[in-house]
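Undergrad: Listed here are the chains, written in short residue letters.
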Amino acid sequence: MTQDTNTEQDLGLDDDLMAYVDGTLSPEKMAQVEARLARDPEARAATASWRHHDNLIREMAQTADDLPANMRIAALERELATKLQARKRRAFLMGPALGRIAASVLIFTAGWGAHGLFSSSSQLRGAEYPQFVSATLTGHYALQYASMQQAEFQPEDLDMALDWMSERMQRKIDSPKLERLGYEVESARLVSADSGPLAIFHFRDRQGDRVTVSITPHAPDKADYALRVVRLDTDSMAYWTDAGLDYSIIGDVDVGQITTLAAAVRE
Amino acid sequence: MSLKAEVTLHTASLRRYALVLTRDPTAADDLVQETLVKAIDKADTWQPGTNLRPWLFRIMHNTHISELRRAKTRSDAAPDLPEPVVQDHQHTQLELKQVLQALDQLPEAQRKPIILIALREMSYVEAARSLDVPLGTFMSRLGRGREALRKIVSGVTAGKLAVLNRKGNI
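For the protein sequence lines, the chains are Z and D, in the order given.
If you're matching positions, the first sequence starts at 1 in my numbering and goes up one per residue.
If you're matching positions, the second sequence starts at 1 in my numbering and goes up one per residue.
Hints are computed from structural coordinates only; laboratory data are not their basis.
Don't take every hint at face value.
Claimed, not checked - Short, incomplete list of chain D residues facing chain Z, as computed with Cβ under 10 angstroms: (1) Tyr17; (2) Ala28; (3) Gly145.
Said to hold, decoys possible - Here are the computed lysine to aspartate or glutamate pairs in the EDC-like style, where the Cα-Cα straight-line distance is at most 16 angstroms: (4) Z:Lys83 / D:Asp41; (5) Z:Lys172 / Z:Asp246; (6) D:Lys4 / Z:Asp159; (7) Z:Lys177 / Z:Glu267; (8) Z:Lys88 / D:Glu6; (9) D:Lys38 / Z:Glu79; (10) D:Lys42 / Z:Glu79; (11) D:Lys151 / D:Glu95; (12) D:Lys151 / Z:Glu42; (13) D:Lys4 / Z:Asp157; (14) D:Lys97 / Z:Glu59; (15) Z:Lys83 / D:Asp44; (16) D:Lys151 / Z:Asp10; (17) Z:Lys88 / D:Asp44; (18) Z:Lys83 / D:Glu6; (19) D:Lys4 / Z:Glu156; (20) D:Lys4 / Z:Glu79.
These figures come from a predicted structure and were not determined experimentally.
For every residue, glycine included, the Cβ atom is placed at its ideal position computed from N, Cα and C.
Please model the entire structure based on the sequences and the hints provided.
TA: Here it is as structure tokens:
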């Protein structure tokens, strides 16, 4: 409701004036309301008064921040956070998304998907297909990859993801620490590969460049891999074994940078 | 932000809100504690993915209403809220006292929207959700409440000026 003259009763029902006081107007609308206030003293007085009362109330509320710490409240906070975390995890595990994922895992033939995924790039490179055929092949392998995926987690659910991955891998999995190198985790996935469960972490830096880290249990019948750094066509990759887990890291960076990133993961 | 950090952040908001509702630090902490105990009991009613703040404030509102009812039963009268925790030696504190006393004269349905929005910690939609009322109802109560508060405060101020005038002080 916007009007130039108001009765006192109307002012309180004027959404524009409310939003003006609460700072939720767009710049254009703000200018319109300010122009109106310049010629409407009653509305000007009302908005000034509402804002002033709000400020007084807020200042009084903020004195709560100076109250002594309350240990009982702190203990209840911890208990509530634990309960809500459990609630979140339970909701995820019982939710429709995981149900669909579980169904896709059931129909997945172990080994076939991994083979298709990891051989796809060489097949595409080795043959000269028209571009639309390459695009179709990429789509086909992407679907195969999706069927291998057991779950995907967003950054805010990373703690829950790590718990779940650790449970699936029957050992403690920690998130790679790449933050100090300017990378933030974008998502995490758990994939069923030939070798067993594979935890994949996708990171991104401020320029939007991605780095992917994978962690999987090391096969007990194979020797540990010493750190090896490889230069690919456009990407660099490093892989190694540490404490019963195989790690790999790949990204569109040079060999020196991938070595630095690998060292950060190994820390 | 982790859930623990989120709960800590919201608890600080609950404490601020409770202090304005009760005007007494001990009563405010009691209200926050009771709210958290109920939230723990009701943790399964929270929908993951939805904002935790309106959910917690809704629990606090219900807890506060129950407490007011209990107080009313005990005193068989509208609850006498304790005096504001302010000192009278400063002008702004006098103003605050006037505003808080005026707030007490408003119906509960108008008082809570005013306080919630004054805290600037929730949007209109979230605040309406925390009070379990439609957005339109919330906006109407907020607007009417703000205007009623303004009239009460300006009436008090005008009354004081009239008294001073009669005494020849101004």
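Undergrad: Please go over all the hints and tell whether each is borne out by the structure.
TA: Checked hints:
no. : hint                : in the structure
1   : Tyr17               : holds, 7 angstroms
2   : Ala28               : holds, 7 angstroms
3   : Gly145              : holds, 8 angstroms
4   : Z:Lys83 / D:Asp41   : holds, 9 angstroms
5   : Z:Lys172 / Z:Asp246 : holds, 13 angstroms
6   : D:Lys4 / Z:Asp159   : holds, 12 angstroms
7   : Z:Lys177 / Z:Glu267 : holds, 8 angstroms
8   : Z:Lys88 / D:Glu6    : holds, 14 angstroms
9   : D:Lys38 / Z:Glu79   : holds, 12 angstroms
10  : D:Lys42 / Z:Glu79   : holds, 12 angstroms
11  : D:Lys151 / D:Glu95  : holds, 14 angstroms
12  : D:Lys151 / Z:Glu42  : holds, 12 angstroms
13  : D:Lys4 / Z:Asp157   : holds, 13 angstroms
14  : D:Lys97 / Z:Glu59   : holds, 12 angstroms
15  : Z:Lys83 / D:Asp44   : holds, 8 angstroms
16  : D:Lys151 / Z:Asp10  : holds, 13 angstroms
17  : Z:Lys88 / D:Asp44   : holds, 9 angstroms
18  : Z:Lys83 / D:Glu6    : holds, 13 angstroms
19  : D:Lys4 / Z:Glu156   : holds, 12 angstroms
20  : D:Lys4 / Z:Glu79    : holds, 9 angstroms
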